[in-house]
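A.B. asks: Here the protein sequences come in this chain order: L and V.
Taking this note's numbering, the leading residue of the first sequence gets 1, the next gets one more, and so forth.
Taking this note's numbering, the leading residue of the second sequence gets 1, the next gets one more, and so forth.
Derived by calculation from the structure, the hints in this document are not laboratory data.
No experiment lies behind these values; they were computed from the predicted model shown.
For each residue, glycine too, the CB sits at the ideal point set by N, CA and C.
A few of these clues could be false.
Partial selection, computed: residues in chain V whose CB lies under 10 Å from chain L [as the list claims (entries may be wrong)]:
1) E31
2) D78
3) G112
4) N115
5) Q128
6) R130
7) V183
8) R222
9) L238
10) S242
Once the Cα atoms are required to be at most 27 Å apart in a straight line, the calculated DSS-like pairs of lysine-lysine come out as [unchecked claim]:
11) K164/L - K151/L
12) K126/L - K103/L
13) K282/V - K212/L
14) K212/L - K93/V
15) K75/L - K99/L
16) K273/L - K187/L
17) K82/L - K71/L
18) K256/V - K332/V
19) K212/L - K273/L
20) K135/L - K112/L
21) K210/L - K407/V
22) K157/V - K407/V
23) K89/L - K112/L
24) K273/L - K93/V
25) K210/L - K93/V
26) K212/L - K39/V
27) K139/L - K153/L
28) K79/L - K92/L
29) K210/L - K39/V
30) K27/V - K188/L
31) K163/L - K153/L
32) K126/L - K112/L
33) K99/L - K109/L
34) K93/V - K187/L
35) K407/V - K212/L
36) K109/L - K135/L
37) K27/V - K212/L
38) K100/L - K119/L
39) K91/L - K79/L
40) K27/V - K273/L
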Amino acid sequence: MSRRKNRVGVFDRAIALTVAVIVFGGFAAFLWTSTQESEEREVVQAFDAKEIATIAASTVTESEIQKQKDKILKKDREKKLKEKQRQEKEKKKLDDLKKKQAKEEQRLKELKAQQEKEKQAIALRKKKAADEEKKRKKKEAADKKRKAAEKKKREAEAAAEQKKQAEADAKQAKADALQAEIDAERKKALAERSARNSTTLRNRYASLIKAKLESNLIAPIGSRPTQVPVVNIQLDDSGNVLSTRIVTSSGDFGYDQAVLAAVGKSSPLPLPKDAPEVRRELQNFDLRVNL
Amino acid sequence: MNKIILKTFIAFAVILISQISIAQNNKVIIEIDPGKERKAIPVAIVPFAGSQGLPHNIHEIVANDLRMSGKFEPLSADRFLALPSREEDVQFKDWRTIGVELLAIGQVTPIGGQNYQVTFLLYDVAQQTRIGGYRYNVTAGGVRNVAHQISNYIYQKRTGREGVFTSKIAFIKRAGKQSQLQVADWDGFGAQTVVTSNDPVFSPEWSADGSKIAFVTIQKGRSLIKVIELSSGRISTLVNSSRGFNSAPSWSPDGKKLAFASSRSGNSEIYVFDFASKSTRKITNHWGIDTEPAWTSDGGSVIFTSGRSGKANIYEVSAFGGEARRITFTGKENGDADVSPDGQNVVVVRDGGIAMLNRNGQLVRTLYASGFDESPSFSANGDMVLFGIKQGYNGSLVVSSADGRAKQTLNALSGNVQDAVWSPNK
Numbered sequence: 001m002s003r004r005k006n007r008v009g010v011f012d013r014a015i016a017l018t019v020a021v022i023v024f025g026g027f028a029a030f031l032w033t034s035t036q037e038s039e040e041r042e043v044v045q046a047f048d049a050k051e052i053a054t055i056a057a058s059t060v061t062e063s064e065i066q067k068q069k070d071k072i073l074k075k076d077r078e079k080k081l082k083e084k085q086r087q088e089k090e091k092k093k094l095d096d097l098k099k100k101q102a103k104e105e106q107r108l109k110e111l112k113a114q115q116e117k118e119k120q121a122i123a124l125r126k127k128k129a130a131d132e133e134k135k136r137k138k139k140e141a142a143d144k145k146r147k148a149a150e151k152k153k154r155e156a157e158a159a160a161e162q163k164k165q166a167e168a169d170a171k172q173a174k175a176d177a178l179q180a181e182i183d184a185e186r187k188k189a190l191a192e193r194s195a196r197n198s199t200t201l202r203n204r205y206a207s208l209i210k211a212k213l214e215s216n217l218i219a220p221i222g223s224r225p226t227q228v229p230v231v232n233i234q235l236d237d238s239g240n241v242l243s244t245r246i247v248t249s250s251g252d253f254g255y256d257q258a259v260l261a262a263v264g265k266s267s268p269l270p271l272p273k274d275a276p277e278v279r280r281e282l283q284n285f286d287l288r289v290n291l
Numbered sequence: 001m002n003k004i005i006l007k008t009f010i011a012f013a014v015i016l017i018s019q020i021s022i023a024q025n026n027k028v029i030i031e032i033d034p035g036k037e038r039k040a041i042p043v044a045i046v047p048f049a050g051s052q053g054l055p056h057n058i059h060e061i062v063a064n065d066l067r068m069s070g071k072f073e074p075l076s077a078d079r080f081l082a083l084p085s086r087e088e089d090v091q092f093k094d095w096r097t098i099g100v101e102l103l104a105i106g107q108v109t110p111i112g113g114q115n116y117q118v119t120f121l122l123y124d125v126a127q128q129t130r131i132g133g134y135r136y137n138v139t140a141g142g143v144r145n146v147a148h149q150i151s152n153y154i155y156q157k158r159t160g161r162e163g164v165f166t167s168k169i170a171f172i173k174r175a176g177k178q179s180q181l182q183v184a185d186w187d188g189f190g191a192q193t194v195v196t197s198n199d200p201v202f203s204p205e206w207s208a209d210g211s212k213i214a215f216v217t218i219q220k221g222r223s224l225i226k227v228i229e230l231s232s233g234r235i236s237t238l239v240n241s242s243r244g245f246n247s248a249p250s251w252s253p254d255g256k257k258l259a260f261a262s263s264r265s266g267n268s269e270i271y272v273f274d275f276a277s278k279s280t281r282k283i284t285n286h287w288g289i290d291t292e293p294a295w296t297s298d299g300g301s302v303i304f305t306s307g308r309s310g311k312a313n314i315y316e317v318s319a320f321g322g323e324a325r326r327i328t329f330t331g332k333e334n335g336d337a338d339v340s341p342d343g344q345n346v347v348v349v350r351d352g353g354i355a356m357l358n359r360n361g362q363l364v365r366t367l368y369a370s371g372f373d374e375s376p377s378f379s380a381n382g383d384m385v386l387f388g389i390k391q392g393y394n395g396s397l398v399v400s401s402a403d404g405r406a407k408q409t410l411n412a413l414s415g416n417v418q419d420a421v422w423s424p425n426k
């Protein structure tokens, strides 16, 4: 950073030096041209005085004088014309010079303006650069700060996350354990409830079966069963009686037959359609006919 | 995650196993409580096809037999939804609908001359199966017997016991001074005279095997117990005595002894004659009149009517004699007892009616009460009781189911009939 700053400083100084050289150069040129013009004028004046002295000394004969006079007049006129021409030339030269000078001035002025403008532009650029640099630096600093902050934040977050994760893991493990426990409990409860429900359902259908069998049993006249008959009954899924088997005879053939007939007449017996487990239990049962 | 799946799996497995064990260990038992009520078994006896030409309708005979047993209730044919006579025509639902448990169908086909082929099939409507059937070749005269055989078949298939529908009854028909010992089908049809006598004949009694009939007759002032061998018609005297009346013969269940009443010693007592040893043993000894002996079903003792209490009552005594035990204590008079084949009941004449008692003399039910009822007799299986009643001056025979619900006067018997007894064979 500081190196970059130094580099910028050198550059700045170089620009300043260049500008100074240009400015002083300008001034030197200007002063040199002014000195040359005044020397030319002194030379012209010195020449005129010498001429006049010469003329005054030569005015002797009339003709001659006339001639001389004409000559002098002519010469004078010529001289005057020449002078005038010279003056005009001088004037033109001066005008040109003035023009040139004005032009130069203008040029200088423009240059100056240009320089000023450039200077301003440079200053502006410099300022801009400085601003930018400042901005950049600021931004950089901000970035750095932000990055640092972010990093810190990230690190903090990571740490927090890690911690959180660890906590969560621990929590999850705990929850899992709890859940497993709850699940086990629930399953147990469910099984119990299911068993209870099954029992309820089974009992309900057992009651229906009982009612149907009871209503269909015609205990024959004169029959004298001597013990509680037990008949094993097997049903298909629809409750149709598949088979009947006398496990324990009543001791009275006719009574046994009546029980079998009651079973036959009761076919199909009611079975739960939607509870296969209960149905299965009821598909094979022992019928006891209490005497 | 895997753990959860594993746990779930284990839980399921546990549930599954536990339920299977429930199913295995706690087999479902359904108890029903039908109560004590007893009912007749509803049956359908379909008119036999082709029986129009026969003198008797087989289905009517069968239905009557079954009805009179008290154990069956043949439904009236007008309730039938179909009249099948062949197996392919049987639709069980037709018979389930009307609630019958048994269905009998059949047909009669003339096979030339007076001969017919009778086919009969029996179905278990409740269990929707054919129980069985029979095919008989008979003459027109044998149709009634075939019908009774069909009844026996049905009865046996459903009750496990032998029917008595081919059994006979013996009775005395009086026509003026003439007495006739007659034998008929249990329902009074096919009566045949076995003995005709201008002497009084009474108290017929079947031998234990049903091959002979003992009876009492009075000849030359003496009352004798005679016996007729049915196959040969040969008559012989079983009991005779120089003095007193001999009456009321009763064959022991094993056929080896004959109990009777005799006043040979002055007072009427009960005697037992042993066929093997030809010896007679007096098993009662009381100043009151002891008469009308009847064997208990086990043959160990004899119950009889005695006036020793001042009025007629039923007593029981060992077949070898000894102290008599009084059975009846109610009713003004109790007499002429018959013991049911199962030994559980006694049917008696009580105050002019027919009463079913238990072995302790308590009334089970009154079967009939016309005021002049006499001579009750159990059928061999105890299902029915035969007895005499008075219709005007004439005696008639009536059969009642033992439970008293079904009763039938044997109208096939004409004239003055009495002293009926049911044959011991079935």
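A.B. asks: Please verify whether K163/L and K153/L have alpha carbons no more than 27 Å apart.
C.D. replies: 14 Å, holds
A.B. asks: Between K407/V and K212/L, does the CA-CA distance stay at or below 27 Å?
C.D. replies: 32 Å, violated
A.B. asks: Going straight from one Cα to the other, do K282/V and K212/L come out at no more than 27 Å?
C.D. replies: Roughly 59 Å separates the two Cα atoms, so the pair is violated.
A.B. asks: Is the shortest C-beta separation between R130/V and chain L less than 10 Å?
C.D. replies: Violated, because the Cβ-Cβ distance from R130/V to chain L comes to roughly 13 Å (cut-off 10 Å).
A.B. asks: Check the hint pairing K109/L with K135/L against an upper bound of 27 Å on the C-alpha distance.
C.D. replies: Answer violated: K109/L to K135/L is near 36 Å, above 27 Å.
A.B. asks: Straight-line Cα separation of K93/V and K187/L no greater than 27 Å?
C.D. replies: Distance ~47 Å between K93/V and K187/L Cα, so the pair is violated.
A.B. asks: Does K99/L pair with K109/L here, judged by a C-alpha cut-off of 27 Å?
C.D. replies: 14 Å, holds
A.B. asks: Verify the interface restraint on N115/V: the C-beta must sit less than 10 Å from at least one C-beta of chain L.
C.D. replies: 35 Å, violated
A.B. asks: For the pair supplied as a hint, K27/V and K273/L, is the alpha-carbon distance within the 27 Å limit?
C.D. replies: 20 Å, holds
A.B. asks: Regarding the pair K126/L and K103/L, is the alpha-carbon distance no greater than 27 Å?
C.D. replies: Distance of about 31 Å is beyond 27 Å: violated.
A.B. asks: Does K212/L pair with K39/V here, judged by a C-alpha cut-off of 27 Å?
C.D. replies: The given pair, whose Cα atoms are some 17 Å apart, holds under the 27 Å limit.
A.B. asks: Straight-line Cα separation of K212/L and K93/V no greater than 27 Å?
C.D. replies: Holds, because 17 Å separates the two Cα atoms, which is no more than 27 Å.
Hints 2, 3, 4, 6, 7, 8, 9, 10, 12, 13, 15, 18, 20, 21, 23, 34, 35, 36 from the list above are not met by this structure, while the remaining hints are.
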